[in-house]
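With the hints as extra help, turn the sequences into a complete structure.
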Amino acid sequence: MRIVVLAKPVPDAGQERLRNDFRMDREATTEVINGNDEYALEAALKLVEASPDGGEVVLLAMAPDHAQETLRKGLALGAASAVLVTDPALEGSCALTTAHVLAAALRELSFDLVIAGVDTSDGGGGVVAAGVAALLGLPYLSYAARIEPSDGRVRVRRITPNGYEVLEAPMPALISATQALGAPRYPTLKGIMGARRKEIVIRTLADLDLAGARARGVEVGGAAATARVTGSRPRAPRGTPKVVQGSPAEAAQEVVTFLAERRLI
Amino acid sequence: MTEALARVPFWWLAIPVFWGSVALFALEVVRHLRVMGAVRPAAPFRDVPRRLGAVLRYAILQTRLFRDTRAGLMHYAIFAAFVLLSTGVASAGTGGLVEAIVAWPFGGAIWAFLLLARNVAAIAALAGLVYAMARRLVTRPARLTLSRSVVAILFLIGAIVAAELGALTFEAALYGPLPGAVITNAAGSLLVRSDRGLLLLLFGVTWWVHIACVCTFLIWLPLTKHFHVASSFFNVYLRKLEPRGALPAMDLEAEDATFGLKTLADLSWKDVLDGLSCTECGLCQDACPAYATGKPLNPKALIVGIRELTTEAELGLHLVPGPSIGHARVAEDDSPRPVVSGLPLVDHAISFDAVWDCVTCGACVEACPLLIEHVDKIVGIRRNLVLEESRFPAEITTAFRAMENQQNPWGQPASARLDWTRGLPFEVPVVRDLAKAGRLDEIEVLYWVGCAAAFDERNKRVARAFATCLHVAGVKFAVLGEEEACTGDPARRMGNEYVFQMLATRNIETFEKYGPPPIVTACPHCFNTLANEYPQFGGRYDVRHHTSYLASLLASGRLATRDPNAAEAGQAEARRVTLHDSCYLTRYNEIVDAPRDVLRSVGSIELAEMSAHGKQTHCCGAGGGRMWMEETRGTRINAARTHQVLATGAPTLATSCPFCMTMLRDGLADAGAGDKVSTLDVAEILAPVAISGRTAGSKSGELPVTRAER
Numbered sequence: 001m002r003i004v005v006l007a008k009p010v011p012d013a014g015q016e017r018l019r020n021d022f023r024m025d026r027e028a029t030t031e032v033i034n035g036n037d038e039y040a041l042e043a044a045l046k047l048v049e050a051s052p053d054g055g056e057v058v059l060l061a062m063a064p065d066h067a068q069e070t071l072r073k074g075l076a077l078g079a080a081s082a083v084l085v086t087d088p089a090l091e092g093s094c095a096l097t098t099a100h101v102l103a104a105a106l107r108e109l110s111f112d113l114v115i116a117g118v119d120t121s122d123g124g125g126g127v128v129a130a131g132v133a134a135l136l137g138l139p140y141l142s143y144a145a146r147i148e149p150s151d152g153r154v155r156v157r158r159i160t161p162n163g164y165e166v167l168e169a170p171m172p173a174l175i176s177a178t179q180a181l182g183a184p185r186y187p188t189l190k191g192i193m194g195a196r197r198k199e200i201v202i203r204t205l206a207d208l209d210l211a212g213a214r215a216r217g218v219e220v221g222g223a224a225a226t227a228r229v230t231g232s233r234p235r236a237p238r239g240t241p242k243v244v245q246g247s248p249a250e251a252a253q254e255v256v257t258f259l260a261e262r263r264l265i
Numbered sequence: 266m267t268e269a270l271a272r273v274p275f276w277w278l279a280i281p282v283f284w285g286s287v288a289l290f291a292l293e294v295v296r297h298l299r300v301m302g303a304v305r306p307a308a309p310f311r312d313v314p315r316r317l318g319a320v321l322r323y324a325i326l327q328t329r330l331f332r333d334t335r336a337g338l339m340h341y342a343i344f345a346a347f348v349l350l351s352t353g354v355a356s357a358g359t360g361g362l363v364e365a366i367v368a369w370p371f372g373g374a375i376w377a378f379l380l381l382a383r384n385v386a387a388i389a390a391l392a393g394l395v396y397a398m399a400r401r402l403v404t405r406p407a408r409l410t411l412s413r414s415v416v417a418i419l420f421l422i423g424a425i426v427a428a429e430l431g432a433l434t435f436e437a438a439l440y441g442p443l444p445g446a447v448i449t450n451a452a453g454s455l456l457v458r459s460d461r462g463l464l465l466l467l468f469g470v471t472w473w474v475h476i477a478c479v480c481t482f483l484i485w486l487p488l489t490k491h492f493h494v495a496s497s498f499f500n501v502y503l504r505k506l507e508p509r510g511a512l513p514a515m516d517l518e519a520e521d522a523t524f525g526l527k528t529l530a531d532l533s534w535k536d537v538l539d540g541l542s543c544t545e546c547g548l549c550q551d552a553c554p555a556y557a558t559g560k561p562l563n564p565k566a567l568i569v570g571i572r573e574l575t576t577e578a579e580l581g582l583h584l585v586p587g588p589s590i591g592h593a594r595v596a597e598d599d600s601p602r603p604v605v606s607g608l609p610l611v612d613h614a615i616s617f618d619a620v621w622d623c624v625t626c627g628a629c630v631e632a633c634p635l636l637i638e639h640v641d642k643i644v645g646i647r648r649n650l651v652l653e654e655s656r657f658p659a660e661i662t663t664a665f666r667a668m669e670n671q672q673n674p675w676g677q678p679a680s681a682r683l684d685w686t687r688g689l690p691f692e693v694p695v696v697r698d699l700a701k702a703g704r705l706d707e708i709e710v711l712y713w714v715g716c717a718a719a720f721d722e723r724n725k726r727v728a729r730a731f732a733t734c735l736h737v738a739g740v741k742f743a744v745l746g747e748e749e750a751c752t753g754d755p756a757r758r759m760g761n762e763y764v765f766q767m768l769a770t771r772n773i774e775t776f777e778k779y780g781p782p783p784i785v786t787a788c789p790h791c792f793n794t795l796a797n798e799y800p801q802f803g804g805r806y807d808v809r810h811h812t813s814y815l816a817s818l819l820a821s822g823r824l825a826t827r828d829p830n831a832a833e834a835g836q837a838e839a840r841r842v843t844l845h846d847s848c849y850l851t852r853y854n855e856i857v858d859a860p861r862d863v864l865r866s867v868g869s870i871e872l873a874e875m876s877a878h879g880k881q882t883h884c885c886g887a888g889g890g891r892m893w894m895e896e897t898r899g900t901r902i903n904a905a906r907t908h909q910v911l912a913t914g915a916p917t918l919a920t921s922c923p924f925c926m927t928m929l930r931d932g933l934a935d936a937g938a939g940d941k942v943s944t945l946d947v948a949e950i951l952a953p954v955a956i957s958g959r960t961a962g963s964k965s966g967e968l969p970v971t972r973a974e975r
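From first to last, the protein sequence lines are chains G and V. Here the first sequence stands for residues 1 to 265, numbered as in this note's numbering. Here the second sequence stands for residues 266 to 975, numbered as in this note's numbering.
Derived from the structure by calculation, the hints contain no laboratory data. These numbers come from a predicted model, not from an experiment. One or more hints might be untrue.
[Unchecked claim] Partial chain V-side listing against chain G, Cβ under 8 Å, derived:
1. L517
2. F524
3. L652
4. S655
5. T662
6. N670
7. Q671
[What the hints assert, rightly or not] Derived DSSO-like pairs (lysine-lysine); straight-line CA-CA distance at most 27 Å:
8. V:K778 with V:K701
9. G:K242 with V:K725
10. G:K198 with G:K46
11. V:K941 with G:K242
12. V:K725 with V:K941
13. V:K741 with V:K725
Where a beta carbon is used, it is the ideal one built from N, C-alpha and C, also for glycine.
Below, the structure is given as structure tokens:
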């Protein structure tokens, strides 16, 4: 079982600061692997560990060169190696470009499954995984809460607003992972030390075959982005919190009254 | 051979019996030593005078046992009898050589005195044994374990002492009074008219019972808790002399090492000696707040568990070291090495839950008469679980990640570190700004705010109060602001040495950049780690806790308090205040008086002490990273302490630690006493009445002591 996890290095949620041009101020933030992608990685590691013939997990990311350090955090958790597509020309890329680039990078890799988090905490588009699946012609199994591969096929429990559906597809396939798959593990010291020696393959645009994208008239890079951020405003601060005191029964009554007054229950 | 010995039937047989037992005892001790040799090394040898002092204080004078006077006297009687009676046995075992030497000078006065002492000690020991037995069988304090071997040993000691008294009595009845032995001489004089044959028989029997019991005791000793008779002196001598608040240093780069404590093999030989020395007195169990609130942790069970693992490791070892043939448990060369590394600590010496129950308050260490170190071992086990197995309560992952990514366990951005200064009527200078302006030299003291005071709403008020005190005193201070990171105390105590070292290295780099002035902090955990643990990484700084610093500002006259009578005009009664001591101040750093000195300087305060105060304080429940864990087992530790706070009836509770503040405020709120008792940091009590010493007209301009209080 070989699994590629799309692991996006993002600024730690809650710490983001935008520059004047509405691009992320990467100097001012700690970079981590996107939270949902960590759930995807955890699911992938568990599948490989449970697989009778072993296998490995490979991380794939498109990010600036310094993201290598962040990818090491994923390697520390148990991924065998990582591929980082990095090129100054990619700065400011939109979701469409990202999907093309990741798809091109995946064409060079062999895998049974690709797993990605349902969305990222910085961009929040939630479309890259679907785009990659479409570009590669892979079955796309979204909102996975459980993943069960067997005999060349994979069965996924997909969360819906009303319950779940069970999807099945032949492998290779692309799955988007929800947090229902289980919380990511915490790295061991041996994992952290071992990650220092693991390989991170660097790919630039010149290394990738993007003829397919160009054939569709898609140009990669910030200048060619199909969408860009043109404004930003922080959320209005929350109102003063109301502190409920008194015995549990009184407090409960007060909370119920508060909610009822606002027709919230 | 002496005249007295010659009276004993088959006296010569005592020599081989005695030396045979000594040899068996020695072989058993050697077996212990072989296990100790198979585990990790340790080198607790430096500073001989302090070590000898400890032996005198803790092993010979047994000061910690006298905290309970009756138990102390009981133990001392048995201890004295043991030491004194062994002179008689040694004499018998050497064919009277000991007596011959001791009785030689001053016409036998020393030997006569010894006999008197033996008489008195034996009677006292008998009384002590009755008391010891009564405690185990009648009053039964929970801390004492009742086992067959304990009762048997008590009877054995009783038989030794009684037989000695008997033998001396019959000897006096048969051959006349022995110089010095006044009690047995008196008893013997009552028997002089008895049948001589019977007296001879009884003399022979009691004399031999005494020797036989002593030899039995000797052989049995190393296998039971009574081994402390021999090992306690060594255990106390080899005590930890590093600051108690400094957890053992750890090399994270060691490639093939086991990180932390996984099996018996990962303990140091001193840890194994701790196990072998434990007397099972249960004083640690009595002191442990986790045990008292019904949690699985029992510090005594951990140490006894280590002894049991040691005994298990010895099962395969022949008494006489040598090649082992066809023995499954040990290697070809009869080495205990493979055995010890096959004996895991978790689930054997201590349960997984118990490992995480510990608040690292150090009450067990403070209570142990033999200076056994429980906390370092528990954290060592946590280190293994975190660094190698990634097994820990799920909720602390958040704190670990927050410390790693945001450099504080609250997960708040560094940019919020100065939020607490908002609204202050004076400016709080930031070190980086002063450095840019070339004004670093102006800083008298660096105020290390700590994450709790920076991010927790309630503790921000403490920071404001302390900064106000500094401002009023005219102290030129500065803070690091965004450059400050968690000291790493919670990470280290939760076993995450990796994150701890990451934070420690980062902070030391920051300090080194500025060549820091003395550091003051209002957090005892920050204080302990900065003062006691950063030296392990080359960071040696003058560090003060804010209570000591305020006390020295008051003592030097730079800070004064408004006339209490004027301030409290119309208030007839003094305000009653109870003070909750922080474990990391009192037990770990011996700062007991400073917060009291500050409170006393505030007029019209009457200090209402809780019974558990000073070094006997009771934990609030937040130490050892428990601040970031759910307390699901047993009852809550802060509730137990809150009960003690309420018992004083004081309307004000003073604290000197941000965690204690949070835990006890919660405890009071849970107890429905949040309105009745107000919780205030010592600095918050001082700040409203603090005035500049210069305005008060007292001696001024003097700098407070800036060396770390150690």
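Going down the list of hints, with the structure as the test:
1. Among the interface hints, the one on L517 of chain V holds; its C-beta lies about 6 Å from the nearest C-beta in chain G, closer than the 8 Å criterion.
2. Checking F524 of chain V against chain G: minimum C-beta separation of about 5 Å stays under 8 Å; hint holds.
3. Look at L652 of chain V: its Cβ gets to within about 4 Å of chain G, closer than 8 Å, so that hint holds up.
4. Checking S655 of chain V against chain G by beta carbon gives a least distance of about 5 Å; that is within 8 Å, so the hint holds.
5. Hint status for T662 of chain V relative to chain G: holds, with the closest Cβ pair at about 5 Å, below 8 Å.
6. Evaluation of the N670 of chain V hint against chain G yields a held restraint, the C-beta minimum of about 5 Å falling below 8 Å.
7. Interface hint at Q671 of chain V: satisfied, since its Cβ lies 7 Å from the closest Cβ of chain G, which is below the 8 Å cut-off.
8. Pair hint K778 of chain V plus K701 of chain V holds up; C-alpha atoms about 12 Å apart against a cutoff of 27 Å.
9. Under the criterion of a C-alpha separation no larger than 27 Å, the hint pairing K242 of chain G with K725 of chain V is consistent with the structure, at around 20 Å.
10. Our distance criterion of 27 Å between C-alpha atoms is met by K198 of chain G and K46 of chain G, whose separation comes to about 20 Å.
11. Restraint check for K941 of chain V and K242 of chain G: the C-alpha separation of about 21 Å stays at or below 27 Å, so the hint holds.
12. In summary, the hint linking K725 of chain V to K941 of chain V is supported, as the alpha carbons are separated by about 22 Å, within the 27 Å threshold.
13. Distance check on the hinted pair: K741 of chain V and K725 of chain V sit about 20 Å apart at the alpha-carbon level, within 27 Å; holds.
Comparing the model with each numbered hint stated earlier shows that all of them hold.
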